[in-house]
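Undergrad: Spelled out, the chains give:
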Amino acid sequence: MKLSETIGELEAEVKCCESSLDRDVSWCYCSDLLSDVMANAKKDSIWITLQTHPNIVAVASLLGLSAILVSRGAEPDPETIAKAVQENIPVLTTKLPTFEAAGRLYNLLNG
Amino acid sequence: MEKGKKPVSKDIKHEYPIRGMDFVAAGEASSNIKHTLQLIGFAPAIIRRAAIAAYESEMNIVIHATEGTLKTTISPERIEIIAADTGPGIPDIELAMREGYSTAPDHIREMGFGAGMGLPNIKNVSDEFTLDSTFGKGTTLKVVIYNQ
Ligand SMILES: Nc1ncnc2c1ncn2[C@@H]1O[C@H](COP(=O)(O)OP(=O)(O)OP(=O)(O)O)[C@@H](O)[C@H]1O
Ligand SMILES: [Mg+2]
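Keeping their order, the protein sequence lines are chains A and B. The numbering used here puts the first residue of the first sequence at 1, with every later residue one more than the last. The numbering used here puts the first residue of the second sequence at 1001, with every later residue one more than the last.
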């Protein structure tokens, strides 16, 4: 599935890298612990988190994640967006809490 | 070998300075290392392991030390990463290696660091793992990943 096909269901706002929404999404990982993500998130996943600081971009980029989805209405720092543009990692936000966003994505990816 | 000529090493060596508590630059050394490995053409699974080792050791310097360096030596057979810093050092290495053990302060934990998973992660992805530390002096972590 393409990242662009998940935006509606996730009620997501695209904060940057609109031109990269055609990338593939095959799975998802939910965590607010960076070392946990580092150990367990698979390539081409959407990472759902409440973390908003620039280092999340480094993690996503190193692992080849498709996008970062910041949940429950949290706002990524401006430095985070700047870094995401540099690294070409789409950052999305949603008002949905992590569980609901993940549930919707699970249904989409298994649908 | 001809007299007077030095042996030519085909190893690619890089060195990256790391500054403590700089969370905007944090990860850039690891990112550079990953790009170098991609350019050379290592397999994605090897690159992933090296990226995890580089990132976790870089972040440990950023979070727990004041300054240090990441040095890489890359050959077709192996990727070596040496993370060295100038302190404060680790008083009890066995304890530091335990999953879940962390001395990260609250404001660092709020950022999602301090799960106590970094060193165990590095060990899991490496073929050789050597952690040396002198409390009050500094820490040196050497990791080797074989290209196989
Ligand atoms: N370079 C270092 N200098 C000083 N202490 C260190 C260093 N690296 C690790 N430590 C000590 O070892 C502990 C465990 O490190 P580890 O990387 O496993 O977890 P963490 O950094 O606390 O959390 P996480 O890596 O999950 O974000 C740290 O909390 C710290 O006390
Ligand atoms: Mg760590």
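Source of the hints: derived by calculation from the structure; they are not laboratory data. Where is the CB? At the ideal position from N, CA and C, for every residue including glycine. Keep in mind that a hint or two might mislead.
[To be verified] Residues from chain B shown here face chain A by an in silico Cβ test under 10 Å; the list is partial: (1) Gly-1020; (2) Phe-1023; (3) Glu-1058.
[To be verified] Each computed DMTMM-like pair below joins lysine to aspartate or glutamate, with the alpha-carbon atoms no more than 25 Å apart: (4) B:Lys-1010 <-> B:Asp-1022; (5) A:Lys-43 <-> B:Asp-1011; (6) B:Lys-1142 <-> B:Glu-1110; (7) A:Lys-42 <-> B:Glu-1128; (8) B:Lys-1137 <-> B:Asp-1011; (9) A:Lys-95 <-> A:Asp-36; (10) A:Lys-43 <-> B:Asp-1092; (11) B:Lys-1010 <-> B:Asp-1092; (12) B:Lys-1123 <-> A:Glu-18; (13) A:Lys-43 <-> A:Glu-79; (14) A:Lys-42 <-> B:Glu-1080; (15) A:Lys-15 <-> B:Glu-1099; (16) A:Lys-42 <-> B:Asp-1011; (17) B:Lys-1010 <-> B:Asp-1106; (18) B:Lys-1142 <-> A:Asp-36; (19) A:Lys-43 <-> B:Glu-1067; (20) B:Lys-1013 <-> A:Asp-32.
[Stated by the list, open to error] Over the 12 Å line for every Cβ pair with chain A, so calculated as not near, a few chain B residues: (21) Ala-1025; (22) Lys-1034; (23) Pro-1044; (24) Glu-1056; (25) Thr-1069; (26) Glu-1099.
Undergrad: Hinted pair, alpha-carbon criterion (25 Å max): Lys-42 of chain A, Asp-1011 of chain B. Please report holds or violated.
TA: Roughly 30 Å separates the two Cα atoms, so the pair is violated.
Undergrad: Please confirm whether Glu-1056 of chain B is truly not at the interface, meaning its C-beta sits more than 12 Å away from all C-beta atoms of chain A.
TA: Glu-1056 of chain B is in fact no farther than 12 Å from some Cβ atom of chain A, at 7 Å.
Undergrad: So if I understand the rule, the pair passes when the alpha-carbon distance is 25 Å or less; does Lys-1010 of chain B with Asp-1092 of chain B pass?
TA: Violated, at roughly 37 Å.
Undergrad: Take a quick look at whether Lys-1010 of chain B and Asp-1106 of chain B sit within 25 Å of each other, Cα to Cα.
TA: violated, 45 Å
Undergrad: Let's test the interface hint: is any C-beta of chain A closer than 10 Å to that of Phe-1023 of chain B?
TA: Holds, about 6 Å.
Undergrad: Does the structure keep Lys-1010 of chain B and Asp-1022 of chain B at a Cα separation of 25 Å or less?
TA: violated, 33 Å
Undergrad: Is Thr-1069 of chain B truly not at the interface, in the sense that its beta carbon sits beyond 12 Å from all beta carbons of chain A?
TA: holds, 18 Å
Undergrad: Would you assess whether Ala-1025 of chain B, listed as outside the interface, keeps its beta-carbon beyond 12 Å of every beta-carbon in chain A?
TA: Non-interface label fails for Ala-1025 of chain B: nearest chain A Cβ at 9 Å, not farther than 12 Å.
Undergrad: For Glu-1099 of chain B, is the shortest CB-to-CB distance to chain A above 12 Å, so the non-interface label stands?
TA: violated, 10 Å
Undergrad: Compare the distance between the alpha carbons of Lys-43 of chain A and Asp-1011 of chain B with 25 Å, and conclude whether the hinted pair is satisfied.
TA: At roughly 29 Å apart (the allowed maximum being 25 Å), Asp-1011 of chain B and Lys-43 of chain A break the hint.
Undergrad: Could you check if Gly-1020 of chain B really has its C-beta closer than 10 Å to a C-beta on chain A?
TA: violated, 14 Å
Undergrad: Please verify whether Lys-1137 of chain B and Asp-1011 of chain B have alpha carbons no more than 25 Å apart.
TA: violated, 29 Å
Hints 1, 4, 5, 6, 8, 10, 11, 12, 15, 16, 17, 19, 20, 21, 22, 23, 24, 26, counting from the list given before, are not met by this structure.
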